Every structure is written in structure tokens, then in C-alpha cells.
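Participant: Start counting the sequence shown at 1; every next residue gets the next number (the UniProt record's numbering).
Bear in mind the hints are in silico, worked out from the structure with no lab data behind them. Values in this document were obtained by computation on a predicted structure and should not be read as measured data. It cannot be assumed that every hint is accurate.
Straight-line C-alpha distance at most 25 Å; calculated DMTMM-like pairs for lysine to aspartate or glutamate [said to hold, decoys possible]:
{"hint": "1", "residue 1": "K74", "residue 2": "D201"}
{"hint": "2", "residue 1": "K74", "residue 2": "E249"}
{"hint": "3", "residue 1": "K267", "residue 2": "D225"}
{"hint": "4", "residue 1": "K188", "residue 2": "D201"}
{"hint": "5", "residue 1": "K174", "residue 2": "D247"}
{"hint": "6", "residue 1": "K252", "residue 2": "E63"}
{"hint": "7", "residue 1": "K174", "residue 2": "D142"}
Label-pair restraints from in silico Cβ distances [said to hold, decoys possible]:
{"hint": "8", "residue 1": "K174", "residue 2": "E218", "range": "29 to 35 Å"}
{"hint": "9", "residue 1": "F266", "residue 2": "A75", "range": "37 to 43 Å"}
{"hint": "10", "residue 1": "A75", "residue 2": "V189", "range": "36 to 42 Å"}
{"hint": "11", "residue 1": "A291", "residue 2": "P223", "range": "23 to 29 Å"}
All C-beta atoms, glycine included, are put in the ideal place defined by N, C-alpha and C.
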Amino acid sequence: MPIRWRTSPKAWTGWNATWPRPDSRRYPVVVACFVPSDGREPLMNNRDYFMKIVVVIPAYNEEERIAEAVQQLKAMAAACTEHDVSVYVVNDGSTDRTPELAAQAGADRVVSHRVNMGLGAAVRTGLNAARQDGFDAAVKFDADLQHNPADVLRMVEPIAADEADVVYGHRFSKISYTMPFVRKMGNKVFTGLMRYLTKWDVRDSQPGIIALSRMYFENLYIPGDYNYTQQILLDAYLRGLRFTHVDVEFRKRETGRSFISWKYPFKVLPQIIQVLVGVKPLRFFGPLGAAFVLLACLIGGVELLAWVVGAADKPIVHANLTLGAGLFGIQTLFFGFLADLIVKLGQRRR
Numbered sequence: 001m002p003i004r005w006r007t008s009p010k011a012w013t014g015w016n017a018t019w020p021r022p023d024s025r026r027y028p029v030v031v032a033c034f035v036p037s038d039g040r041e042p043l044m045n046n047r048d049y050f051m052k053i054v055v056v057i058p059a060y061n062e063e064e065r066i067a068e069a070v071q072q073l074k075a076m077a078a079a080c081t082e083h084d085v086s087v088y089v090v091n092d093g094s095t096d097r098t099p100e101l102a103a104q105a106g107a108d109r110v111v112s113h114r115v116n117m118g119l120g121a122a123v124r125t126g127l128n129a130a131r132q133d134g135f136d137a138a139v140k141f142d143a144d145l146q147h148n149p150a151d152v153l154r155m156v157e158p159i160a161a162d163e164a165d166v167v168y169g170h171r172f173s174k175i176s177y178t179m180p181f182v183r184k185m186g187n188k189v190f191t192g193l194m195r196y197l198t199k200w201d202v203r204d205s206q207p208g209i210i211a212l213s214r215m216y217f218e219n220l221y222i223p224g225d226y227n228y229t230q231q232i233l234l235d236a237y238l239r240g241l242r243f244t245h246v247d248v249e250f251r252k253r254e255t256g257r258s259f260i261s262w263k264y265p266f267k268v269l270p271q272i273i274q275v276l277v278g279v280k281p282l283r284f285f286g287p288l289g290a291a292f293v294l295l296a297c298l299i300g301g302v303e304l305l306a307w308v309v310g311a312a313d314k315p316i317v318h319a320n321l322t323l324g325a326g327l328f329g330i331q332t333l334f335f336g337f338l339a340d341l342i343v344k345l346g347q348r349r350r
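Produce the entire structure from the sequences given, and follow the hints as far as they go.
Facilitator: Right, dumping it as C-alpha cells:
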């Protein structure tokens, strides 16, 4: 197996431009990549290069697969000589033996919610634990083993090379089963929405495996408890972070059931708006206010023109509608500017 050497000047800077860093042993100049002869993507393998990585597994009533998932990830971690990999399980109020089996299987830490709070809340808890425990990168991994644990190191490679802060798995290039039509179309709709909102080349907006740098989870903003994938994408984009994707294996779920249902769009869309308002409020209130001001001008202009040419008895027929739309638009714009100022002041204080 040949070795490809590459220099990574960005790796010297890490998350700021100060050098030397107190933990500079994590950012050497040269990175060695073992390139498999079968054409697979190269994996970094250099004992001088070191990152603390945590695999976060949100789990709700996953007693059938949680032990196997933890064991496979621990085996991957034990075989990894270039990084320190830990496995955390976030028990989201399970009513079965999920937390007990996770601990028995060797999870480095099990964090439990007293009640079921939702996947987004579980991911938020796991990332907060990663930040508190000083990890450099976190990989969210589904407990149902639809993803391959071997892909974890491939997911963190762009972060280790300082090429991205957020890495999403792209399932559809290596999917091993036929995804239900409704789920596939739903994924396309939300992926298209995320491409529009972020201007990124998002190919899969709802994978079960994502990798995040400390740059992201140091100041994460996931307000919604139901889901997390779209919230993270939008939050990272609005904060000026970098995104990429990695092709990953995706298998059919063998046990349990997916949390995604017909209610999914109605729960996710408000969370997307919440992130947009919480990080860049003017991006939401600006177009909304401008639309109502434009509507007021359009109604008033058309009716005024009709009066000028003699087609109407008075200048503004729908005066209340025109005035109401105009005032609402102006107030919305004002509120957007005020909210944007408050958010920026809060960011400066942090």
C-alpha cells in the first residue's frame, strides 16, 4: 500500500492564527495518507498527528442494537493509532435496557435524559458533553447501525486537514437498499431547501452520520428538540463555517423503526425558522417586511392609477388594507433591525 505525503499549512493555524499553540502536537505540518490499492478513499494514518474524537450515539429504546453498535465502534477505536477515539451514548429517556447495555458494552460515558426529549435534544446534549470534555471533533452516529463504523475516521479527515468544520455523510452513492419513495422525496425537498438557504453543495441534508469540529460545537445553536441536521447546516452557514461531504455506506435498518413520520415537515420547518431568527434575524424579517411594504405599494399604486384614468371613484379603494400592509411591513423591518442588533451585541459579549 503506497503512502501519499502531503503538507497541510492550514493545520498550523487550527482554529486561530496564534502559533505556537499550547496543544500544538495536534497540528503537525505533514500528514501521511495510506492509499488503498483497491481505489477506496485514503485514510490518514500518522502517529504524530493526534486528535481527541468522540462518537456520540443518541439512543431511544435501542436495546436490540446498542451493544453491537458500541462494540463495533470501540473495536474501531482500539485499532485507531493516529487518534484518541471515545464513544458516548446519550440515552434519550429509554424505557428499556438501552443505557445498561451501552455501559456493559464499553461505552466511555452514558448520559441520560429523564424523559424522551427528541433526537435534536440528544445530539445537543452529546455535543455539549464533547465540548465540556475537551474533544477536538465529534461524530454523531446512529445506534441502528445503518452506517458503517469504519466510515467514522473518513468523516473526520476533512476536519483534521483543516478543510471543513462540518462534514455530512452522503448516503446515496453507496446505499445498499431501496429507500421508500416518500422518504427519498422528502430528503430531496429538504436538501433543496438547505442548498437554497446555505448556498452550499448539500447533497444529503439528513444523514445519520455527521462530523463536527470544535469550532462548531464550541458555540452550537440547536434550539429545536425534534431533529438536528437542518439546524446544524443553517447554524454553521450563518456563522461562516466551512462545509463538505463524504460518501458513506448506508444499509437498511434491521430493527426498530425510524422516528421520521408525516409530521416531520411540520416539526422541522419551525425549527429552521427558529435558527434563522436566532442567528440572522434580518435574513428572516427583512424579506418578510419588504414583501408587505411592496404589497402595500402595489395595491396603492394600482388603485391610484385606476383613479387617475377614471376607472375608480376614489384614489385608494382599499385604504385600510393598504395602510395595514404598509405598517406591518415597516414594523417588521424595524423589528428585524432591532433583533439583528441584539444578536450581534450578544455575540460580542460572548
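Participant: Looking back at the hints listed earlier, which ones does the structure fail to meet?
Facilitator: Number 1 only.
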